[in-house]
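Asker: Chain by chain, the residues:
Protein chains: 4
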Amino acid sequence: MQIPYNDEELQTQREMIRLRRDFHAHPEEGWCEFRTTAAIVRVLENLGFAVLTGENVIAPDARMGVVEERLAAARLKALEEGADATILDRMGDLTGCVGVWKTGRPGPVTAFRFDIDALRGVSESLSPEHRPAALGFASPVPNVCHACGHDAHTAVGLGVARWIASHAHELTGTVKLLFQPAEEGVRGAAAMAKSGVVDDCGWLFGSHVGCEFGPNEIGILTEGYLATTKMDVFFEGTPAHAGSDPEKGRSALLSACAAVMSIQGLPRHSGGDSRVSIGRIEAGEGRNVVAAHGRLELEVRGATKEVNDFLADEVRRIVHGMAEVYGVKGKVVKTGESCRYVCDPEAVAILEDVAKVLPDKTKATVFTTERGSEDCAVLAERVRSLGGKAGFFCFGTRHKGHHRPDFDVEDEDAMLLAWRVFTGVLARLHHV
Amino acid sequence: MQIPYNDEELQTQREMIRLRRDFHAHPEEGWCEFRTTAAIVRVLENLGFAVLTGENVIAPDARMGVVEERLAAARLKALEEGADATILDRMGDLTGCVGVWKTGRPGPVTAFRFDIDALRGVSESLSPEHRPAALGFASPVPNVCHACGHDAHTAVGLGVARWIASHAHELTGTVKLLFQPAEEGVRGAAAMAKSGVVDDCGWLFGSHVGCEFGPNEIGILTEGYLATTKMDVFFEGTPAHAGSDPEKGRSALLSACAAVMSIQGLPRHSGGDSRVSIGRIEAGEGRNVVAAHGRLELEVRGATKEVNDFLADEVRRIVHGMAEVYGVKGKVVKTGESCRYVCDPEAVAILEDVAKVLPDKTKATVFTTERGSEDCAVLAERVRSLGGKAGFFCFGTRHKGHHRPDFDVEDEDAMLLAWRVFTGVLARLHHV
Amino acid sequence: MQIPYNDEELQTQREMIRLRRDFHAHPEEGWCEFRTTAAIVRVLENLGFAVLTGENVIAPDARMGVVEERLAAARLKALEEGADATILDRMGDLTGCVGVWKTGRPGPVTAFRFDIDALRGVSESLSPEHRPAALGFASPVPNVCHACGHDAHTAVGLGVARWIASHAHELTGTVKLLFQPAEEGVRGAAAMAKSGVVDDCGWLFGSHVGCEFGPNEIGILTEGYLATTKMDVFFEGTPAHAGSDPEKGRSALLSACAAVMSIQGLPRHSGGDSRVSIGRIEAGEGRNVVAAHGRLELEVRGATKEVNDFLADEVRRIVHGMAEVYGVKGKVVKTGESCRYVCDPEAVAILEDVAKVLPDKTKATVFTTERGSEDCAVLAERVRSLGGKAGFFCFGTRHKGHHRPDFDVEDEDAMLLAWRVFTGVLARLHHV
Amino acid sequence: MQIPYNDEELQTQREMIRLRRDFHAHPEEGWCEFRTTAAIVRVLENLGFAVLTGENVIAPDARMGVVEERLAAARLKALEEGADATILDRMGDLTGCVGVWKTGRPGPVTAFRFDIDALRGVSESLSPEHRPAALGFASPVPNVCHACGHDAHTAVGLGVARWIASHAHELTGTVKLLFQPAEEGVRGAAAMAKSGVVDDCGWLFGSHVGCEFGPNEIGILTEGYLATTKMDVFFEGTPAHAGSDPEKGRSALLSACAAVMSIQGLPRHSGGDSRVSIGRIEAGEGRNVVAAHGRLELEVRGATKEVNDFLADEVRRIVHGMAEVYGVKGKVVKTGESCRYVCDPEAVAILEDVAKVLPDKTKATVFTTERGSEDCAVLAERVRSLGGKAGFFCFGTRHKGHHRPDFDVEDEDAMLLAWRVFTGVLARLHHV
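Residue numbers (our numbering), protein chains in the order written: chain W, 6 to 437; chain U, 6 to 437; chain V, 6 to 437; chain L, 6 to 437.
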């Protein structure tokens, strides 16, 4: 357990817990984080941050996996739940924001990235054994909830903002706090990267709660996470009565199934681990009608961008070829993408340095992982391509597993641990 | 156009049009025809018929394609729309009824079959150019409407009932009017056949409105309609995270797609025409999860029972084998079945004889067809297997095509034509 | 049994049996009938026929399924077995010939077609119970033999030639005896049709021994035989070591198997019966090498040209699309093609007329069939497209089934029956 | 280049080159190494080794991929080429042998393994630029040649034998020289392991020429090579005429193609790298016949035994399930198997120790590899399971690539390098 050692820590912890529970009780899926963003903007501006929103932080055409028809309702709901109308106006259709603190003193530019979206596809447990339900801050929205802990990430970000504001006189250079939308499905980082908001950054750090780490543990990434591309595939055929005129139809169902067989059979790669998952298929309108519409949801992953791109390109070729095989139309829409997270030794060293002096017997481990994907990698790649350095760490908590109905950040003081790491990094890079 | 030539015809025609529009305005899908059945029962009993309902006319375990969870709501809706509670009680969960008229005089037993269900899967056009909409009797129920003309069939049946009651003194033997549920999807006839209600019948006749026949035309079937089996296929796999543990999953999606490829590839048959249609597939829960559930909706058809059974048996074998291939569970549920409609020359001769004296320049054609299926064939097969004779005819109307949102029995006097055929048959078989 | 009733019949019968056994003992597969053609030419010319060969009877570019590398060896073998070198020179690389008899008197032009090739793919039985083996005229060539009776067809043609020569003074008009190569695989008729040699014909008749007819039976075709297209499919991929560099290969094996699955799944056709058969696949070079080469042998059939062409076109589309799916090259080569055989009522009537006066209690049946294909249909179609009439008949014999190692024309006097039919036709159409 | 530094090295080198070229000129594929084995036995016995053959070194029922019908001819050929008849008699049908040298002094038991078979499937280049062809020792056998360098391995083994014999007085313990048949296709090691011949060994070392190492290089394996299972799959269907009776056939071709699609789609494994390769398919007898026979040649590989076994088990399940899908018989025959090669640190240390004092600027590298398989791993696993230690090294040469027609051990003095390593190991482990 992380114990607050002074008033600042105590108040920060209380504030982070309060904020985290508020976000938890108002979950918004990716690209719909209107209330969440507006709340962040208000806190940041109250603290004295300059806050960028809209196209200053999100390149609209680089957004992936936007479900356009949900945006207006999400915006309206945010308004009904008390989001500031003026802030919403500044945002337009684009969620996410960046708080910028310029000290006025020469020094580095450092970005910390916090992702803010809830997960779609899981309904939060309402069991009395599930703490958020018992304490009354569980998600009231069916099929959407903070089952990955981004609510905690956001709260940590605002805790760090508070520290910056009150320690401003001791700092140099510029700090940017990135509140990124739509991490689930690795959909949002590319749009934030393309906006250029991290192009002047010398350092970028991201983090995640939980994963394989428990209480009082932090994990410092060297490099890892699989590159991945998420794709929706659409087939459009020609309907016909399957009993009367079978030869007049062009089946979107058959083309979808044949594509599944070929995609699933994509070869292994000598360049490293790979994954192929066709997770959903839906095709056809009725038992005796040649199917006019078919749809696949799939993803590929690879140890490297090369492996991942090989697979993604193959999927596109298969779909186009299979459309010809069945005389239908085929289309592939990219709904998310991330790359391998490569950390710089200098960033790893700073995190190790911070970890050494963490209180409460906190244990730090250097790690690598091939088991999931994290789109902060895309921001890291942008920063590194321009000469900056990137790092990443996990901060542990007890939890029952991400993306489950009963996920909870069971040790909420884990947020204090993350806060100590982030502020420790600033103390090393930005102290006067 | 069919012109009423006397008061009886005029009043019958008016009554049939009134009834048909009432049924049209209150469409009920197969196995849910509670209001429709109750209305039929009341009319028949008012005319003096003995009316059988429930297990006397439907063998519960021979029903196919019942969606259990819809029955209670349908029953309640019928009650709200004025169905007689006492009649509903007699019916229990089973729709359909049989009106029996025993003359007391020795003579044959003849059954006429009328199907009563509306079609699920089509929403009726609300365009002012669509007559039922313009006249206010279009279906108010989304996705359910009388787009196949069974409303007219039911009305004809009641028109014939009226004739029997008023001509009772001239008749011999017994007449049974079968009001059969769930013809759409060929789900209901087998249950009525199995109840034994036609086992004493020497003759059985059925009919259909429209098809390829226009106004003032009747078509007399020699033999035809494809035997068919409708099946739903279920696969149950083992979910796993497709990125972390791909080898731990057992994909219901892959097994479903592979089954599709093999089923679609079922061989042709030397015994005659066949059809295979996999019209729907749905599988999987999420992009990065190995699919736990998969489902297919399909049908096969054959010129003969042998051809159809060959295909249906193959589907079952493929599903069970494919379940083993993918280490999942596979299940096939039959949701409908019909056979070839074989008419007896004697029945054809009677219809031809009746047709010769039809007024209004009505034209009769002897025909065969391989383009659809009709589950009255199952009742015909039952009657014939016990030594009876079966016939079938179509009565024409202008229409835009069955199973379309804008289907209408545009010449409603077509019902008078059908009535003349049925009563003409009785005049030949049952006249004292 | 057919009994010779006069010296002419007796000598013709003996000659036909002698010739048939000689052809049987020297079987030559399609496009390799060098010895057979040379022998026919010599007999015809000795009788006084003008004989056309080479490009006068075969359009080289319309030949299908030619295995170029076998031609030279076949020619050499013919020479070694005594074929006349001068005749071989006239033929060039093209087998088959047409004997023309012009009476000089005005009258119709009638063609009779006889196919001359042996079957590749079956080795004749050497069992002493197999009469050709017992009598010493069985095929000495492994994998090639007269297992379909074309040896008998050829002998009948030469028997008819003999009759024409000796009855020349009684005849009018012109008679053409077509000795067509490469009927097996329906490869030869199109090339003979395209040569134009039947373009002046008012009548064309063909025939086949056996099929479903027994001794003393003839079958007169009204219309039948399935249209068919035979195709070889080739895939060319990119080899790679499947263990070291799986992603560098492009598998011709996978593309071939996926094409098989899609071709086998071609839909039924409302226009009538259809067939799809992929009879052979061979792909790959070694267990651990991504396959560079793949090959399919397949055929489609249809009740009509439309049905058949639909399927053949679909095969081509599937192959090209699947080549794109797998990043390989795909090629379809047509190796044979025939159409439905449509007979004219006038031709059927003549055959019926002839059949009435056949001796030996010969029974004639008018028939249709959908069970095989016969490329004489292509010549019939050519004649009919230019205004001529076409007919076809089968003449029965005892036999164990075509295309079997133990096939034999067990009643060789069946040839006398065919000869009586052909000469009977001439007696009706060409008698002065 | 390795330079002989004394008479012993000079004579050994000459002898190894002479032997290697003799084996090269008389290549024998796996399980057919009769002449090769007989030659080895004679050399070993002349040197004073006790030589085990037949079931003493090969467990007959553990042999994989034996082509029984080739054994007798291979034996006869060996006899004709001068193999000693007495030795052949001792061997029976089993090739391979083990030379045992007991010093009589207490000490360890050490086994060195040399594989002796040539490769089937490649015909050696006869180009004058190919040194074996130019010098007259190229393979005279089509489709079989020493394209992997096992001829050199065998020669090294006999060179080591010579050293043991002449240094016998300086040695302790026991040395076993294993001459293993059928390494190609990883077919032979399991049978040698199962014979028990290495069960008393405290040490086992194997080696390979070439791979990624050049002249004057040795590679010392830590652990590597993929576990692998080679399988042949057989389907047996029911033939039928595809035009006349398509429904009566059960296609071995379709089942084979469908199995290919499912096998190629086997999932990735979280336990590490995997490979699937279906390298050959052949099915069907003729274009218009439902295929009665089908055959696949395939292999799977995995970074670990667990991964490999998962895939091999899945292949078996797919084949059995697919046989049910298509109503055919399916059979899987294992034709080869190997495991991951795990080396002990003690063995690695000895090799590193030897390498340090190698002359001629020889460079040693410690390496791991995932690119191929090596069945010496099976013997290593056996030794290790009983408490012994295992090592492995590669010795470099110039070459154009293994398994190519133009493969050659271009620096034949590479054998001297291998000899120095093996004898160096003995000098460390067995010196008095």
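Hints listed in this document are in silico derivations from the structure and should not be mistaken for laboratory results.
Bear in mind that the values here come from a model prediction, so they are computed numbers and not experimental data.
Be aware that one or more of the hints could be misleading.
If several chains are the same, the list does not tell them apart, and a pair holds so long as it fits within one copy or across any two.
[Stated by the list, open to error] Here are the simulated lysine to aspartate or glutamate pairs, EDC-like style, with alpha carbons at most 16 Å apart:
hint	residue 1	residue 2
1	Lys253	Asp314
2	Lys253	Asp318
3	Lys253	Glu311
4	Lys310	Glu252
5	Lys253	Glu319
6	Lys361	Glu217
7	Lys253	Glu241
8	Lys336	Glu290
Asker: When the hints from earlier in the document are held up against this structure, which numbers fail?
Answerer: 6, 8
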